[in-house]
Every structure is written in C-alpha cells, then in structure tokens.
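> If you read the protein sequences in the order shown, they are chains A and B. Under the numbering used here, the final residue of the first sequence carries the number 1178; numbering is consecutive throughout. Under the numbering used here, the final residue of the second sequence carries the number 1178; numbering is consecutive throughout.
Please keep in mind that the hints were generated in silico from the structure rather than gathered at the bench. Since this is a predicted model, take the numbers as computed values, not measurements. It cannot be assumed that every hint is accurate.
Identical copies look the same in the list; a pair holds intra-copy or inter-copy alike.
Calculated cross-link-like contacts (lysine to aspartate or glutamate; reagent style DMTMM-like; alpha-carbon spacing at most 20 angstroms) [said to hold, decoys possible]:
hint: 1; residue 1: Lys1126; residue 2: Asp1168
hint: 2; residue 1: Lys1106; residue 2: Glu1085
hint: 3; residue 1: Lys1099; residue 2: Glu1085
2 protein chains.
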Amino acid sequence: MSTPSRPIPPRAIVLLSGGLDSATTLAIARDAGFDCYCLSLDYGQRHRVELDAAARVAQSLGASAHRVLHLALSDFGGSALTDESIAVPVDGVQSGIPVTYVPARNTIMLSLALAWAEVLGSRDIYVGVNAVDYSGYPDCRPEYIAAFESMANLATKAGVEGAKLGIHAPLIKLSKADIIRRGKALGVDYGITVSCYQADEHGRACGVCDSCRLRREGFAAAGVDDPTPYAGRPGA
Amino acid sequence: MSTPSRPIPPRAIVLLSGGLDSATTLAIARDAGFDCYCLSLDYGQRHRVELDAAARVAQSLGASAHRVLHLALSDFGGSALTDESIAVPVDGVQSGIPVTYVPARNTIMLSLALAWAEVLGSRDIYVGVNAVDYSGYPDCRPEYIAAFESMANLATKAGVEGAKLGIHAPLIKLSKADIIRRGKALGVDYGITVSCYQADEHGRACGVCDSCRLRREGFAAAGVDDPTPYAGRPGA
C-alpha cells in the first residue's frame, strides 16, 4: 500500500447487521482492498435472525473475522426494536423520529468498532448508515458521522499518535435502488440478508414493516428481482 | 429548578466504576441537585471487586438507580486490565500511553450513558475522568470530552429537538488531593471505594500498582487519613 506504516493488506472494521445495507457496505469495503473484520451486536433486538444472516453474509463475502458482542441494550427500553411493549409500525413512514429508533445505537456500535480497530491497528471503520431512507434517525446524518470521526481521532491512541481514523459511510446519500444496484455489481447475494424488523424464526420477512416496504420498493426501483423470502402477510 | 422545561428534579446519568474519582463525581452531581442514575460496566476487567464497590457507593450516596451492563470487551484484548497476558505495571509512571489503557473505554461508557439518558429524558451525563493523573490516556482530555459532547448533540433525539446534552467532567483539571478534599467535604466515604487495578477478592488494595500509588499520594497530599484497606505488599 502507499502508506508505509499500514499493515498489508490494511484492515477495516465493518459493522454488519445482516441486512441489505450492511451487506452492501461490506462488499464496498472489500472492493476498496480492505481485509474486513465484521462486528455485529446482539443487543436484545427482536430481529435476532439478523445475526444469523450476518454470519452468512460475512462468510459469503470473504470476511477475515466475524464477531458478535452481546449487550443487553434492551435493559434501557425506549424502542420498538428492543421493547416488547412498543409495537413495530406497519403503516408507512411516520413524521419525526420513528419508534424503531434505538437510542444511541449507532454511537454504541461505532464505539465498539473503534475499540476493536484500535486493538487491530485498523484506521478504517465502515458503517451502512443511510440518510435517505432513514431521515428520521439523528444518527444516520452526515454531520453526525463527521462529528463521530472528529471525536474518534481525539479518543484513541492512534489518533493521538497522528494516525487518521476514518469513519466511512459509503451508502449515506444513496437511494435504496442505488444501494441494490451497487451491491449487485459487487456480487452481493441479497437472498441471504434479512432487513425485516419482525422476521420469523426462519428469517422470512413480514413484507409489511417499514424496513420491508423500503426494501421491496428498492428492488422494484432498481429493476432487480427481489430474492427476499417472504412469510405470509397477515397485515398487508 | 430554574429551567422550566426540565423534569423536577432533573436526572443525571453518572458513570460509576466504584473507584475514588467516580464516587466523588457522584457526590458532585448529587450536590448539584440531580436525581442520579448510576451506570457501571462489567467489561471483563480484572478488578471486578470494583463493581461491588460501585453498588456500595451508589447506595451510600443516595442514587436513585444503579445498573450494571455486561459487555465482553475483553474479547478484543489489548489492555493489561482485560488481557491476562499483559502484566499490570507496578514500577511508577511510564511515558506515553499506559498498558492499562482500555481501548475506547470512555467512548463506549459514555455512549451507553447516552442511550440511557435518552430513554430517561436526562440531559446530563457525569464522568470522573481526570487529565492530571491520567495524562497518558487520550480519552481523559478536555478536548476529547468536548468532542464527545458535540457528537452526542448530533446523535440523539434530544439534541435534534433542541435540548442541549451536557457531558460533565468535574474532576478533569483537579489533582488527586483536590478531588479527595472535595469528596470529603461532600461526605464521600472513601473506605468503601476500590481504585486498585488488582485488588484481592475482599476488595483490599495491592498498594503498589499505579492506581494505588496515585491514590496514596493523593491522601498524603490532601492531609487526609487514608481509609483504604491494603492487603500485603509483596511487590513493595
């Protein structure tokens, strides 16, 4: 590589949820020449089949490692994704911040990625946040990613010693259709990913939650056949 | 309270390790009028008796809640505090960043505090970082705390909706002796705190690690009797 002090090949940490966006992000990181270390968080989310999907995606795209950290974020409550008492919405886009927003989730996941990056000597963290489809989530905005990067460079040994840590969010301004086209070009098998907020135990999508709706519309807009396994659609 | 939109009394999240600094920080937050919610992290640290100390301190200082989150940060390795293959130093201050530095620890703990703050409607997070004694730790510097605060205000629903989140580090520029004097004035019982990196199972300090040395020197400099229970000192 051009920077002499970097290991060859350079390592990147990739946050991998098992969904469509993070799978595409992993493919982009690999295409950029990184040796990819994938990190998933088991935070008590309802959609645990995502973690199985993450393992499949990491293997499918040749990641060097895949680690799942357990953290009982559900102890805090406050989100439909971790709190059984809040219903997952199925009625299209709401105004404001959705109830599926998990407080500080991206900040927590990026912080964990930062710790692993520091131990591995990696200066690059990839995250599949998207500001287009998830405009209601404060931690999916470009200004948030930039602020996290600034903080990370002050937080760490690498930053203090002059190495520049980069937080890469390659999907942040792409539409779902753009993301799907990009991933298809890079060989992503979207049939093994799970985006649904309430997939069944076999990983089959409900087809009606916000995440399913955005995903289905994305495949349609991209002109790509939707390989998602759908369960029955009781609420459709 | 003077700010009408705040809940009465306002809530603060206090990061509580069970050591001298965080106990003092809790006393300061309480003295500032906050209803205190204490958060400890069980991250696989060697000094687990700190967590027992944290519970004692939270109760002693009238905290409204104390929660311990479990996170296997030791999976990442890279620190003498979580990795059994790295020795805890007992030979005084080293130059540069100490091996007891845990990668991204403060960033991870502040991120978790941020999540809980958002769920509880709290706008104030207290952390006992100190830039004087721990000058080798990048995440104990004022510029780091300021950067985290900026990021936090972009990351969260509260920040987006115009509420200002504050990260308070009241000890950051104090000497250990100043901290001890401040805590004594606020009624902190330092005999129930544990600062030692390798305390025994009864919470007795080794007396020789860097943390013990700074603590002992602090009591001496403050002219306050040291109530720390010490075990034998094989390395002294």
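> So, for every hint listed, does it hold in this structure?
Hints, verified against the model:
no.: 1; hint: Lys1126 - Asp1168; result: within (12 angstroms within a copy, 66 angstroms between copies)
no.: 2; hint: Lys1106 - Glu1085; result: both (18 angstroms within a copy, 17 angstroms between copies)
no.: 3; hint: Lys1099 - Glu1085; result: between (24 angstroms within a copy, 14 angstroms between copies)
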